[in-house]
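Chemist: Turn these sequences into a full structure, and let the hints guide you.
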Amino acid sequence: MNDKFFLDTNVFVYSFDARYPSKQKRAQDLIDKALSGRKGVVSYQVVQEFLNVALRKFEKPLTAHESRAYLDEVLWPLCEISPTVGLYRRALELKDEMNVHFYDALIIASASEAGCNVLYTEDLQHNQSIAGLTIQNPF
1 MNDKFFLDTN VFVYSFDARY PSKQKRAQDL IDKALSGRKG VVSYQVVQEF LNVALRKFEK
61 PLTAHESRAY LDEVLWPLCE ISPTVGLYRR ALELKDEMNV HFYDALIIAS ASEAGCNVLY
121 TEDLQHNQSI AGLTIQNPF
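In the numbering used here, the protein residues as written are 1 to 139.
It should be emphasised that the hints constitute simulated quantities derived from the structure, not laboratory data.
Only a predicted model underlies this, so the values are computations on that prediction, with no experimental measurement involved.
Computed list of lysine-lysine pairs in DSS-like fashion (alpha-carbon distance at most 30 Å, straight line):
(1) Lys95 - Lys4
(2) Lys33 - Lys57
(3) Lys39 - Lys4
(4) Lys25 - Lys57
(5) Lys23 - Lys39
(6) Lys4 - Lys25
(7) Lys23 - Lys57
(8) Lys95 - Lys57
(9) Lys33 - Lys4
(10) Lys60 - Lys25
(11) Lys95 - Lys39
(12) Lys4 - Lys23
(13) Lys23 - Lys33
(14) Lys23 - Lys60
(15) Lys60 - Lys33
(16) Lys57 - Lys39
(17) Lys23 - Lys95
(18) Lys39 - Lys25
Modeler: In structure tokens form, the structure reads like this:
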């Protein structure tokens, strides 16, 4: 049975957000599970979005050194999907089919390409099935 799962950017952002302790704990648990079980996946898009938020929008932004360490220890080991023309084409198809924003479609396409069966995100409808994925809002 395939038990690979994809983590959207908001999971990583909440793992640093002490204003929401239950969300922070759940996010940290998912990230730990992703790293320890080698079943969690992210795409280049998640890496880029998280680093942008962490460097600019956190209450106490991460330093370049802290960001590099997080990239090396957490994000890069999970990153399986890089941009391709095929990935962009699939995202454009999903955008039209599902009437979602392009960046959401790109996340869905990435999770599908990685062979995941669950996409953890709060940006889409909970328990919705899309492209062979079950959308789960972990929060």
